[in-house]
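Trainee: Please work from the sequences and hints to get the whole structure.
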Amino acid sequence: MKHLIDICDLSTEEIDGLISRANDIIAHPDAYSRKCAGKKLATLFFEPSTRTRLSFEAAMYELGGHVIGFSEAQSSSASKGESVADTIKVVSCYADIIAMRHPKEGAPLVASRVSGVPIINAGDGGHNHPTQTLADLLTIYREKGRLSDFTIGFCGDLKFGRTVHSLINALSRYSGIKFVLISPDELKLPSYIKKEVIAKNGIPYTQTSSLEDVIPSLDVLYMTRVQRERFFNEEDYARLKDSYILTPEKLVPAKKDMIILHPLPRVNEISVSVDSDERACYFKQVLYGKYIRMSLIMKLLGIN
Amino acid sequence: MYIDSITNGIVIDHIKAGKAMEIYKILGLEKLDCPVAIIKNVHSGKMGKKDIIKVDSDIDIDLDAIGYVDSEITINVIKDGKIIEKKHIELPLIIKNIVRCKNPRCITTTEQELDHVFKLTNREEKIYRCIYCESKVQNN
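Chains A and B supply the protein sequences, listed in that same order.
Just so we're aligned: the first sequence equals residues 1 to 304 in my numbering.
Just so we're aligned: the second sequence equals residues 305 to 444 in my numbering.
You can take every hint at face value.
Mimicking BS3-like on lysine-lysine, the simulated pairs with C-alpha atoms at most 30 Å apart in a straight line are:
no., chain 1, residue 1, chain 2, residue 2
1, A, 284, A, 250
2, B, 430, A, 200
3, B, 423, A, 89
Everything labelled a hint here was simulated from the structure, so no lab data went into it.
Model, not experiment: these values are computed from the prediction.
Mentor: Next up, the structure:
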């Protein structure tokens, strides 16, 4: 049985297949409206995340399926001390596929080892969030027309930003990619990712703390939020949260066809006045997230 | 110093000087009721100084555990007073319940029954990462 725990669980061919199916769903939504009729998706959110949960639920409804589940640990047996493994064994008796979010890193891997149905990792703490990465890849493909030969700048929290780590992992398999890593010293990309992913794949990269210096060279700008929940120390969070704020002025030297991505939610790292810029693609990214999740659900359920 | 040679059992040789007690604990040798000798700081032509552990009983040894601590160690299996097998240790690809994950965000911190499993991700630098959260093994 296939699960999606980490973006590395998918081969390049599988990723390309998911993107191709998502494009077909976008072109012919009616053809997919009954594909999952009679199937149930369980959304098990041990940690609240309205956006991701709604995306999965909308995806399943648009495929004609049903949704069961809970949106916070307090409304599940986890609050009574039930283990992840037991919860999954029970829920897999009711559902055909499970999307789970959990605050602890590795919880979806534990789930996949005992589950009788496919598990989708909908985020495990600061670790992995593979469906966000698939949404990012579909957005780049839809907006740039390719997943190779471009320069992508990651800006903000590159240390705790799981979406950045996963996207770097996924893009490292495509040719002609260049990474520009833009962050304050304290939030630099962990060295093991530079060594074990970027350098290992021979990908050129530069590091800088200045967005202004590098913005003219970028084809894709991936902004991130400095997340309060990833810090143990409130002082560190307060000091670093406003490191980068993207404004229309900063976008002046950028390429006219550069695209701006953000996994959302944003706080203030992208000024609202940027939203009307044609290069702002972060709300399209949300929509593409739903389509790629539809594509993924079908794949994991073995539906063509 | 004189220590009897053993008739049937194992000799864990070429242990880095000072590491014998770590091997002793990891292998749970304190649970044995047969004679066990820990010999420290023995002269070695190759290593300068080394430690040796002799176990006077034919026991199963967790080679992965030894390999994780020190992959240069050799195991001599003794039968009827003769070495019948020399085992050379390699770095194990997976280690289970030898070290614990110390990442407070890891699922192993709340689900107590889970095995603590690490996989070798970088052989040259001997880096092991937790299979759940990918944190590196932290010593101490």
